[in-house]
Amino acid sequence: MIRMLRSAFVLLSLASPALAETVTDFTLPNGLQVVVIEDHRAPVVVHMVWYRVGAADEPPGHSGIAHFLEHLMFKGTDEVPSGKFSEIVQAQGGSDNAFTSWDYTAYFQRVAADRLDLVMKLEADRMRDLRLTQEDVVTERAVILEERTTRTDSDPGALFGEQAQAAQYLNHPYGIPIIGWRHEIEQLDRDDALAFYRRFYAPNNAVLVVAGDVTPDEVKRLAERHYGPLAPTEGLPPRIRPSEPPQLAERRLSMADPRVAQPYVVRSYLAPERNSGAQDKAAALTILAYLLGGSGTTSVLARKLTFDTQTAVYASAFYSGDTLDTGTFGLIVAPAPGVSLPQAEAAMDEAIAQFLKDGVDPAALDRMKTQIRAEQIYADDNTSALANLYGEALAIGLTVADVQAWPDVLQAVTAEDVMAAAQEVLDRRTAVTGYLEAAGEQGQ
Amino acid sequence: MTVTVMKWAVVALVLAAFPARAEIAIQNVTSPGGITAWLVEDHNIPFTALEIRFRGGTSLDLPGSRGAVNLMAATLEEGAGALDAQGFAEARDALAAGFGFSAGQDSIGVSARFLTENRDAAIDLLRSALIEPRFDEDAVERVKGLILAGLASDAQDPGVLAMRRFDEMAFAGHPYGSAGEGTPDSVAALTRADVLDAHKATMTRDRVYVAAAGDISVAELGPLLDRLLGDLPAVGRQMPAVAGWHLGGGVTVVDYPSPQSVILFGQEGLRLDDPDFFAAFILNEVLGGERFSARLMTELREKRGLTYGVSSFLAPMDFAQAYMGQMGTANATVAQSIALIRQEWQRLATEGITAEELAATKTYMTGSYPLRFDGNSEIADILVGLQMDGLPIDYPATRNARVEAVTLDDVKRVAARLFQPDKLHFVVVGQPEGVDSADRQGSEGVPAP
Chain A
1355 MIRMLRSAFV LLSLASPALA ETVTDFTLPN GLQVVVIEDH RAPVVVHMVW YRVGAADEPP
1415 GHSGIAHFLE HLMFKGTDEV PSGKFSEIVQ AQGGSDNAFT SWDYTAYFQR VAADRLDLVM
1475 KLEADRMRDL RLTQEDVVTE RAVILEERTT RTDSDPGALF GEQAQAAQYL NHPYGIPIIG
1535 WRHEIEQLDR DDALAFYRRF YAPNNAVLVV AGDVTPDEVK RLAERHYGPL APTEGLPPRI
1595 RPSEPPQLAE RRLSMADPRV AQPYVVRSYL APERNSGAQD KAAALTILAY LLGGSGTTSV
1655 LARKLTFDTQ TAVYASAFYS GDTLDTGTFG LIVAPAPGVS LPQAEAAMDE AIAQFLKDGV
1715 DPAALDRMKT QIRAEQIYAD DNTSALANLY GEALAIGLTV ADVQAWPDVL QAVTAEDVMA
1775 AAQEVLDRRT AVTGYLEAAG EQGQ
Chain B
16 MTVTVMKWAV VALVLAAFPA RAEIAIQNVT SPGGITAWLV EDHNIPFTAL EIRFRGGTSL
76 DLPGSRGAVN LMAATLEEGA GALDAQGFAE ARDALAAGFG FSAGQDSIGV SARFLTENRD
136 AAIDLLRSAL IEPRFDEDAV ERVKGLILAG LASDAQDPGV LAMRRFDEMA FAGHPYGSAG
196 EGTPDSVAAL TRADVLDAHK ATMTRDRVYV AAAGDISVAE LGPLLDRLLG DLPAVGRQMP
256 AVAGWHLGGG VTVVDYPSPQ SVILFGQEGL RLDDPDFFAA FILNEVLGGE RFSARLMTEL
316 REKRGLTYGV SSFLAPMDFA QAYMGQMGTA NATVAQSIAL IRQEWQRLAT EGITAEELAA
376 TKTYMTGSYP LRFDGNSEIA DILVGLQMDG LPIDYPATRN ARVEAVTLDD VKRVAARLFQ
436 PDKLHFVVVG QPEGVDSADR QGSEGVPAP
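These protein sequences, in sequence, are chains A and B. The working numbering applies: residue 1355 is where the first sequence begins, and numbers increase by one. The working numbering applies: residue 16 is where the second sequence begins, and numbers increase by one.
Think of the hints as simulated: they come from the structure by calculation, not from any bench. If you're wondering where the values come from, they're calculated on a predicted model, not measured in any experiment. Some hints could be false.
Derived pair list, reagent style BS3-like, types lysine-lysine, alpha-carbon separation capped at 27 Å [claimed, not checked]:
| no. | chain 1 | residue 1 | chain 2 | residue 2 |
| --- | --- | --- | --- | --- |
| 1 | A | Lys1475 | B | Lys377 |
| 2 | A | Lys1438 | A | Lys1475 |
| 3 | B | Lys318 | B | Lys377 |
| 4 | A | Lys1438 | B | Lys318 |
| 5 | A | Lys1723 | A | Lys1711 |
| 6 | A | Lys1574 | A | Lys1475 |
| 7 | A | Lys1438 | B | Lys377 |
| 8 | B | Lys377 | B | Lys427 |
| 9 | A | Lys1574 | A | Lys1658 |
Using the sequences provided together with the hints, build the complete structure.
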C-alpha cells in the first residue's frame, strides 16, 4: 500500500496525452476541479482525487506528515469504520491505493464502471469527515517507520539519494525527504495529522479525475451529489515555499557503505520547471535528457562511455521538471570494473563538453520526434496513465490546455533550443556531485 | 528463489477472466505454415501488441554454462542482420516500435508493439532479431558487463539473497536451485559460442506461443506469423526433469548487516492443473493475497505495526510448485513475526476459513475480472499466459463459474491438505534477535503428494 513518487532517479518519459478529443473539464461551485477522460473500450473506471498539497507544504519540523496522513486516510470516518475503506472497494472487485509527492497527494480506485457511484461516495466522505483514534495513529506510525526502514534505511542508494537531494536544496523543502526524517516521523502525532488534514483536504484544494467507460454528464451528476455539498477551506494561501538563494559554490558529497555493490557518480543541477503557458524550456530539457542519456545504446553518454570507450557499465540522464518549483537535471554514470569514480566523472565531463561543442545530432532529434508522435497513439491504450498525466499536471499548476499542447511544444523544439537549455543548465557552479561507493574505497 | 514476481503475475492472470462484453472475442489463428496464435481484434487505436513465449527459458542452460540463455536473450537486441547494436536501436526508434526481450526460468519472452502504418517494417526488424541476431563479440562482452554488475548488486540485496538461499535448498540439483542469470564465475566464462548455442536450442517452433491484440485482422496475422517465426529451427533442447521439493520445516538465518530483516517463507504448493487449485487460490487470497484485509496484513501490519507489507502467493511453475510468502520487519520483531505467521498457517490448517470470508473472496475474484483486460498490451500478455498454462480458449468465459463452484467443504478439505505448519520453512536475511538457524530439512526431502 502507498507508494512514493520520485525516487532518486526519475525515468525519462515522453508522456503524451491521447490524440482523441475525449477530455472534458469543469469546476464545481465549491472549487473542486473535475477532469473526465472517456475510454469506452472496457467497462472499467479509474477514480482519482489529487490534493494540491504534498511534503513540500509541511510545517517545519514535522517532515513526513503529508505521507503519514495519506496512510491515516485509510482509517475511518463518521460513516465508514476504521480500516473498512479498502475492504469495501475490494469487495466490489476493485483496487485502491494512494501516493505522496513533494507537490501533491493522490488517492485512487479502479473499479467496474457501474461502481463509480460507490467509490465517489467513499472518497467524498473522507475528504472532510476523517476520524482518527489515538490507537490508529500510534500503530500506523510504527508502519511508516517500518516503511522508511524498508525503502530507505535498508538501501544505501536511497540513503545517498536523500543526502544528495538535501545538498541540492539549501532552502527549499524539496531538500527534505517525502517520507520524512526518522527523528521527526517518530514525533508525529494525531494533532499534527488532523491540523494538516483540516487545512488542506478540501474541494477547493483538490482535482477529481475520472477516466474510463463514463460520460461527462454522468460524472458531473455524481460529483455534484457527492462532492458538491462539501465546504471549501476559506483563505487557503497561495503555494509559496521558501525559494533557493543563488548557488555560488559547487557542492560535493561522498558516501561509502559496505552494502554498495556497484559504485556510481551522480551529478545534478537545479533546472527550470514546467510552467503553465511557458513549457518551452521544460520541453527543451526533456529532449536534452533524452539525447544525453535516454537510451542505453544510442544516447550521447552511452555512445561515449559504453561504446567508444569501456568507461561505464551504465550511463544515463534525467530531468525532473514536473514540479511546482525549481526542478533538477542530472547525469548518472556507473563505472566499469577497474575505472575509479573520479575517472568516470572526468569522462562524463569530457562527454558533456564535447556535446556542448558538437551540438545536437539532427538524425537523433528526428527519431525522437517520431517517437513523440507515436507516443500519442500508444497513450490511448493506457487510461490509468492518462488519468495520472492530467491529475499530476493540474496538481502542479498546469492546465488541461497545457497538457494537450505538450506534444506540439515538444515537436517545436529545435536543435538550437536544446543547446541553449544545455548551456544554461549544465553549469558546475550550480551542481551537486555525489559519489556512492563501497566502504573502504572512499577517497581513492 | 526462482519463484519470482513474474511468476506470481502469471498466476494472478490465470485466475483472471473476461469482461462480459460480447464484442471482445478471442480468435484462434493458424498461419499457412502452421503456427497458431490467439488474437483479440480491436481497431480503435492504430497499433498492435504482440506477445511471444518460448517454453523452457533459463532452465535449458547446459551444465557448465549457467547464464547462457539469459545472456542470449539480453543480447538479441544488440545487432541483427546488417545492423550493429546502434543501427538496430536507431532503426527501431525511427519506426517508433517497442521491443522487449526477457528470460525467465520457464520461458523466454518477446514483447512488441508497433504502429499499423509501420507494421511490415517493424516485423521485418523484429524478425531479424529473432532469426539472425549477430551476437557480436563486443556486444556480448558489453551485456556481460551489465549482467555482472547486476549480479554484484544482487549479492548485496537481502531480498535476492533470501530467494537464492531458499531456491538452493528447495530445488537442490535442479536448474531452479540456482539463479538463471548465472554466477559471476559462470557468466565471466560464457563465450559467443555459448550464446549461439543457447539461441538455437531455446527459440524454436516446437515451443512457441503467440498472442496479439489490437489493430490487426486474422487474415493479416497469419502470414505475419510465418514471416516472423517460420525460419526458426523446428525443434529445440529437451526440457528439464521435475525439480522435486527438498526442504522441510525450520528457520535458516543468513547474516546480513541491516536494521531490518527480510523474511521469505514457503512450503510445497499445488500444480496449476490440480483439481484443488481454485480452492487453494481462494484460501491464499484470505491469508495473504492482494487485498489489504488479508489475515497476514491484518495481524502483522494493522493490529501490530510490525511491517510495511506481508503477502503470500501460490507459485506453480513448469517443473515444481511452491507456496511462498515474504515480509520485512525490524530485527527485534523477527521472532514475533515468525510466530504469528506460523500461528496463521496453523489456524488455516485446522479451522479453514469462514463462510463470510469465502463469499467475500468470491465476490472480489469474480468482480475484479473485467479490470484486467483494459488494454491491448494487457490482453496480449494474458492470452499468451493462458496458452502457456495449457488452458482452453474458452477459459476466460468459464473461469468465474469455476470460482463460484468452490464450496466451504472444499476449502476446509483443501486447507487441511495445503497448509502444513511443520513443513513451513523461513529464510531470514538480516541480524534477527533471538532467532537462530534451526534447519530441520535434510536431503531426503519431502515426497510429492
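Going down the list of hints, with the structure as the test:
1. Lys1475/A <-> Lys377/B: 24 Å, holds
2. Lys1438/A <-> Lys1475/A: Holds, at about 14 Å.
3. Lys318/B <-> Lys377/B: 25 Å, holds
4. Lys1438/A <-> Lys318/B: 14 Å, holds
5. Lys1723/A <-> Lys1711/A: Within the cut-off at roughly 23 Å; holds.
6. Lys1574/A <-> Lys1475/A: 13 Å, holds
7. Lys1438/A <-> Lys377/B: Between Lys1438/A and Lys377/B the Cα gap is close to 18 Å, so the pair holds against 27 Å.
8. Lys377/B <-> Lys427/B: 15 Å, holds
9. Lys1574/A <-> Lys1658/A: At roughly 54 Å apart (the allowed maximum being 27 Å), Lys1658/A and Lys1574/A break the hint.
Violated hint: 9 only; the structure is consistent with all others.
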